[in-house]
Amino acid sequence: MKNVKNLEVIGSSEPRRSQRVRKEKHIDTDFISTDSIVFLVEGDRNTILKKTPMILNIEDDPKTFGQAMFSRDVAFWKEAVNDEMDSILSNNTWILVDLPPGSKPIGCKLVFKRKYNTDGSIQTFKARLVAKGFTQKEGVDYFDTYSPVARITSIRVLFALASIYKLYVHQMDVKTAFLNGDLKEEVYMEQPEGFILPENEEKVCKLVKSLYGLKQAPKQWHEKFDKAILLNGFHHNGVDKCMYSKFTKDFGVIICLYVDDMLIFSTNIIGIVETKRYLKKHSNGYALNQSHYIEKMLDKFKHLNIKEANTPFDSSIKLSAYCDKAVAQLEYDSAIGKSYVCYALYKTRYSFCYMQVIKIYK
Amino acid sequence: MEGYSDASWMTSSSDNKSTSGWIFSLGGGAISWASKKQTCISHSTMESEFIAIAAASKEAEWLRNMLFDIKLWPQPMSAISLYCDSEATMSRAYINIYNGKSRHISIRHGYI
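For the protein sequence lines, the chains are A and B, in the order given.
Note that the first sequence covers residues 1 to 362 in my numbering.
Note that the second sequence covers residues 1 to 112 in my numbering.
Hint data in this document are derived by calculation from the structure and do not stem from the laboratory.
Bear in mind that the values here come from a model prediction, so they are computed numbers and not experimental data.
Errors might be hidden in some of the hints.
Said to hold, decoys possible - Derived pair list, reagent style DSS-like, types lysine-lysine, alpha-carbon separation capped at 27 Å:
| hint | chain 1 | residue 1 | chain 2 | residue 2 |
| --- | --- | --- | --- | --- |
| 1 | B | K71 | A | K249 |
| 2 | B | K71 | A | K166 |
| 3 | B | K71 | A | K227 |
| 4 | A | K215 | A | K137 |
| 5 | A | K276 | B | K58 |
Let's have the full structure, built from the sequences with the hints guiding it.
In structure tokens:
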């Protein structure tokens with residue numbers, strides 16, 4: 001038996017391939033390409049065309065600065081670009097210097113994007129300056145890119161705790177988070193198209209703060225946030241470095257950070273207000289914007305706690321006699337799902353081991 | 001907080017590996033779960049269940065450490081109970097005898 005096996009191994013020179021039967025992808029006639037945006041609108045054809053004419057004659061988002069300046073929505077794009085440049089310049093992201101000999105500046109680009117409401121109307125025009133980070137070389141322009149995020153399990157644990165201890169939950173997100181990180185490496189960037197200062201055409205931007213598109217941007221942002229929050233008396237959680245907690249005699253606060261979104265859990269409202277005030281002060285007055293209130297979700301939890309429910313799909317858990325007691329999984333799940341919509345995770349998809357899949361897109 | 005673990009022996013017919021799964025619930029809702037093909041081949045249902053319970057206790061340890069740092073949780077922390085549906089696995093876990101056959105599953109935790 002052994003010999004036969006050996007022979008087989010020697011004899012097969014072809015690489016091993018999967019045994020799965022390959023199927024041709026069948027594309028329907030009404031196949032919709034992934035580039036297009038699809039909205040579901042109720043009503044017959046005529047009323048829809050009357051109501052939302054822009055759905056059908058929309059331009060593509062411009063690819064370059066030039067295209068944007070020649071598009072129909074030039075006024076909107078200009079406003080968006082000015083907005084972005086204002087926030088960058090007021091943040092002192094770079095200083096203009098002569099290019100030192102031997103170094104090469106990286107390029108940059110304005111990225112344009114329309115944001116839509118769910119009914120297809122345009123919500124905002126957005127422009128963002130991004131550095132062409134792909135031309136950066138490791139060891140020269142950047143050293144480390146790793147930035148931790150909170151584990152999904154710890155977020156779920158915190159929500160469960162919030163329901164048990166009736167905590168307040170707030171969600172915040174940081175506007176232009178990556179612009180806040182300080183840059184340690186020397187990085188030179190070309191001046192952005194359309195914003196080249198007259199008489200300074202030869203100069204380049206020496207980046208002081210990080211910019212979207214740079215390889216080290218997420219890391220720098222996290223580092224800065226970390227430093228700031230630790231100064232305020234917060235402590236790392238031992239196992240999840242993106243969870244910070246602070247307990248005083250008046251209140252206890254837990255912060256969970258996911259790149260630029262954060263969840264704040266607190267035993268009372270004072271804790272949240274204090275934390276927000278500190279964060280706002282620390283980030284040069286422009287980092288934090290609106291917070292979504294998801295106390296509604298907590299209400300739901302409260303009613304969940306007293307409700308006895310047996311769930312049809314808990315067969316996997318019924319290993320012991322315990323689980324007849326309030327395993328309102330579905331409601332718990334929907335509560336979590338709801339909060340995640342607020343939380344705006346990047347394209348999270350989690351399957352609930354056996355029975356259901358919730359899909360949330362940012 | 002409770003944890004439940006289970007395994008099914010030799011689910012993958014091509015490479016004879018088993019599948020293990022576990023789930024942890026806190027306050028009435030599931031917080032952490034997994035279903036994974038095991039990396040080592042087990043000789044019996046008991047062994048595959050054992051591997052599953054070891055994986056579950058690894059997660060339990062992590063959760064315990066996390067809750068330990070959240071000061072809301074009553075201290076000292078009570079043990080996390082972990083449920084398993086195999087009698088043989090349980091008795092194997094309680095007895096600390098090494099008989100030369102179980103080196104590959106010798107990592108275990110005494111949370112139960």
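Against the 27 Å threshold, does the CA-CA distance of K276(A) and K58(B) hold or violate the hint? At roughly 36 Å apart (the allowed maximum being 27 Å), K58(B) and K276(A) break the hint.
Restraint check for K71(B) with K166(A), where alpha carbons must lie at most 27 Å apart: holds (15 Å)
Would the pair K71(B) and K249(A) pass a check requiring their Cα atoms to be no farther apart than 27 Å? holds (12 Å)
Compare the distance between the alpha carbons of K215(A) and K137(A) with 27 Å, and conclude whether the hinted pair is satisfied. Given that 27 Å is the threshold and the Cα spacing comes to 10 Å, the pair holds.
Agreement of K71(B) and K227(A) with the hint, judged by alpha carbon distance not exceeding 27 Å: Within the cut-off at roughly 22 Å; holds.
Violated hint for the displayed structure: number 5, the only one.
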